[in-house]
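Quick mapping for you: the protein sequence lines, in order, are chains A and B.
Per numbering that gives the first Met the number 0, the first sequence starts with residue 0, numbered consecutively.
Per numbering that gives the first Met the number 0, the second sequence starts with residue 0, numbered consecutively.
Wrong hints could be hidden among the right ones.
For lysine to aspartate or glutamate, the following DMTMM-like pairs were computed, each having C-alpha atoms within a straight-line distance of at most 25 Å [unchecked claim]:
no. : chain 1 : residue 1 : chain 2 : residue 2
1   : A       : 262       : B       : 15
2   : B       : 90        : A       : 253
3   : A       : 262       : B       : 23
4   : B       : 215       : A       : 248
5   : B       : 215       : A       : 261
6   : A       : 245       : B       : 4
7   : B       : 215       : A       : 29
8   : A       : 262       : B       : 65
9   : B       : 48        : B       : 115
10  : A       : 262       : B       : 12
11  : A       : 245       : A       : 29
12  : A       : 262       : B       : 147
13  : B       : 110       : B       : 147
14  : A       : 262       : B       : 130
15  : B       : 90        : B       : 157
16  : B       : 18        : B       : 141
17  : A       : 262       : B       : 229
18  : B       : 48        : B       : 66
Just so you know, these hints were derived from the structure itself, not from any lab.
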Amino acid sequence: MQSHTIDIKTLRSSASTTDVDKMSTTIVVEGLNLFYAGANQALFDVSLDIPEKCVTAFIGASGCGKSSLLRCFNRMNDLIDGCDISGKITINGDDIYKDDVDVAELRRSVGMVFQKPNPFPKSIYENVAYGLRIQGINKERVLDEIVEKSLRAAALWDEVKDRLGDSALGLSGGQQQRLVIARCVAVEPKILLLDEPASALDPISTLKIEELIYELKNHYTILIVTHNMQQAARVSDVTAFMHLGKLVEVGSTETIFTNPNEKQTEDYITGRYG
Amino acid sequence: MANHEHISGSFADELEGVKNKLLEMGGLAEQQIKMAIEALNNDDKDVSKEVISRDDLVNELEVNIDEEASRIMALRQPAASDLRLVISVTKISTDLERIGDEAVKIARQVKILRQEPRSRTNYAEIKMIGERVSNMLRAALDAFTRLDPQAALGVKIEDKHVDDDFAAALDNMRVLMAEDASVIKSILCEIWVLKALERIGDHACNIAEQVIFLDKGIDVRHFSSAELRDLLAS
Numbered sequence: 000m001q002s003h004t005i006d007i008k009t010l011r012s013s014a015s016t017t018d019v020d021k022m023s024t025t026i027v028v029e030g031l032n033l034f035y036a037g038a039n040q041a042l043f044d045v046s047l048d049i050p051e052k053c054v055t056a057f058i059g060a061s062g063c064g065k066s067s068l069l070r071c072f073n074r075m076n077d078l079i080d081g082c083d084i085s086g087k088i089t090i091n092g093d094d095i096y097k098d099d100v101d102v103a104e105l106r107r108s109v110g111m112v113f114q115k116p117n118p119f120p121k122s123i124y125e126n127v128a129y130g131l132r133i134q135g136i137n138k139e140r141v142l143d144e145i146v147e148k149s150l151r152a153a154a155l156w157d158e159v160k161d162r163l164g165d166s167a168l169g170l171s172g173g174q175q176q177r178l179v180i181a182r183c184v185a186v187e188p189k190i191l192l193l194d195e196p197a198s199a200l201d202p203i204s205t206l207k208i209e210e211l212i213y214e215l216k217n218h219y220t221i222l223i224v225t226h227n228m229q230q231a232a233r234v235s236d237v238t239a240f241m242h243l244g245k246l247v248e249v250g251s252t253e254t255i256f257t258n259p260n261e262k263q264t265e266d267y268i269t270g271r272y273g
Numbered sequence: 000m001a002n003h004e005h006i007s008g009s010f011a012d013e014l015e016g017v018k019n020k021l022l023e024m025g026g027l028a029e030q031q032i033k034m035a036i037e038a039l040n041n042d043d044k045d046v047s048k049e050v051i052s053r054d055d056l057v058n059e060l061e062v063n064i065d066e067e068a069s070r071i072m073a074l075r076q077p078a079a080s081d082l083r084l085v086i087s088v089t090k091i092s093t094d095l096e097r098i099g100d101e102a103v104k105i106a107r108q109v110k111i112l113r114q115e116p117r118s119r120t121n122y123a124e125i126k127m128i129g130e131r132v133s134n135m136l137r138a139a140l141d142a143f144t145r146l147d148p149q150a151a152l153g154v155k156i157e158d159k160h161v162d163d164d165f166a167a168a169l170d171n172m173r174v175l176m177a178e179d180a181s182v183i184k185s186i187l188c189e190i191w192v193l194k195a196l197e198r199i200g201d202h203a204c205n206i207a208e209q210v211i212f213l214d215k216g217i218d219v220r221h222f223s224s225a226e227l228r229d230l231l232a233s
């Protein structure tokens, strides 16, 4: 089993944009295999350590397994019939695939944002308050406070503060995506999983999301799947390259984009045939 | 360095184009040194003028290469070995432009030396160091073309010899000036020429360092010879 660990010291010296003192490993993946129905194997013996309060980007061609891997971190694959997983994922030392794990609680602490913004057909306010209400928090004063804090964290407050009662569906795509991020942030997760969060957005909205990711990493461990390699280069501290279900290389983003160790990584990021 | 074909053929063509332009500039710089030393040896005013006027061509190529490199960076966002290639091409073009300037400095001395009594040196040191640095430049450019870090290391080692030769030549010049005051002006001109040649050696060395950066992805500009040997042995 090939284990990929990141030299945090090296990362510290290169990651000028990160509050480096906070860096430590938060997620450990060991020998992870994932099969979809019909013995169709999507992940092969993936092992890596993911540092805390950093942005880790997963890059690779379509079908390389990066989204499958991302969905393992909040057990979204449990919802797929016939999906089978072996190996281990621990978050802060806790095995998330143990039988007694409360999956709903796991998904609260590991929030997820998808490619297409998926606000509920409710008001802006209620979208953000939704997760809190489910947790039984109904006090208006508490809700108001958390909704404002979350919308501010998602860099959306100034744009919506005067129309919190309006339907979320009336927001632009970029605003909807930031609202979805605010909804995630409201329930105070530890980790955010972003699956192509900006691929359906225009360049300006994309930049706003990227800026938001940069801000959010001070508080959350962020994992992002993206097809846009320049986006991975811009927003992440660590980049993992996957190919045909295998993790080929993981390292500081600076190293991966300037001098990767593996030929396959080099070929992929320079746009050559692998 | 990746040797697979780019999916984008036009990007591959652009990288190849800027590389070829750099080699053209390198060839021109080599020629400039050769002609400048020739003009000096033969007291040839016309050749020295030609060296001075052809410097514009070297300068023009530097500007062209930098423009092309900026364009590639802006439009293609090169990564890894492609990025290193673009960076090293711009660095090397700067060194080649400076080499062109040094050739002009040598050519300018021809006019002064023609009017002065010739010293006893018979330009022996100039010929020797001139040949050495010309070979270094050729070797550095070959190392770039073949992406050969070992050959680049050879250039770095050779530069130490050039520095020693330069120091020895200066000692000799001091003695000659002390012996015969009438040749002080010509000896000073020869020192200018020697200094220009020594600088050309330094620029060839810089080019060699870029070749190692291009191949290994490590900036070796301030590495000692021992560190360089260790790197290339690993």
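Against the structure, the hints:
1. Between the alpha carbons of residue 262 (chain A) and residue 15 (chain B) the distance comes to roughly 20 Å, so the proposed pair stays at or under 25 Å and holds.
2. Distance hint between residue 90 (chain B) and residue 253 (chain A) is fulfilled; the C-alpha atoms sit about 21 Å from each other, no more than 25 Å.
3. Proposed proximity of residue 262 (chain A) and residue 23 (chain B) is contradicted: the alpha carbons are some 30 Å apart, above 25 Å.
4. A hinted pair counts as satisfied when its Cα atoms are at most 25 Å apart, and residue 215 (chain B) with residue 248 (chain A) qualifies at roughly 18 Å.
5. With a CA separation close to 13 Å, the supplied pair residue 215 (chain B) and residue 261 (chain A) stays within the 25 Å bound.
6. Of the pairs offered as hints, the one joining residue 245 (chain A) and residue 4 (chain B) holds, with about 23 Å between alpha carbons and a cut-off of 25 Å not exceeded.
7. Restraint check for residue 215 (chain B) and residue 29 (chain A): not satisfied, since their Cα atoms lie roughly 31 Å apart, outside the 25 Å limit.
8. A hinted pair counts as satisfied when its Cα atoms are at most 25 Å apart, and residue 262 (chain A) with residue 65 (chain B) does not qualify at roughly 28 Å.
9. For the proposed pair residue 48 (chain B) and residue 115 (chain B), the alpha carbon gap of about 19 Å is at most 25 Å, so the pair holds.
10. As the CA atoms of residue 262 (chain A) and residue 12 (chain B) are separated by approximately 21 Å, the hinted pair is consistent with the 25 Å bound.
11. Between residue 245 (chain A) and residue 29 (chain A) the alpha-carbon distance is near 13 Å, which keeps this suggested pair within the 25 Å criterion.
12. Between residue 262 (chain A) and residue 147 (chain B) the alpha-carbon distance is near 18 Å, which keeps this suggested pair within the 25 Å criterion.
13. For the given pair, residue 110 (chain B) sits about 40 Å from residue 147 (chain B) by alpha-carbon distance, which is inconsistent with the 25 Å threshold.
14. Taking the CA atoms of residue 262 (chain A) and residue 130 (chain B), the gap is near 40 Å; set against the 25 Å cutoff, the hint is violated.
15. For the suggested pair residue 90 (chain B) and residue 157 (chain B), the alpha carbons sit about 21 Å apart, so the restraint of at most 25 Å is met.
16. For a cut-off of 25 Å, the pair hint linking residue 18 (chain B) to residue 141 (chain B) stands: about 12 Å separates their Cα positions.
17. A hinted pair counts as satisfied when its Cα atoms are at most 25 Å apart, and residue 262 (chain A) with residue 229 (chain B) qualifies at roughly 23 Å.
18. Annotation: proposed proximity of residue 48 (chain B) to residue 66 (chain B) is violated, straight-line Cα distance about 29 Å (limit 25 Å).
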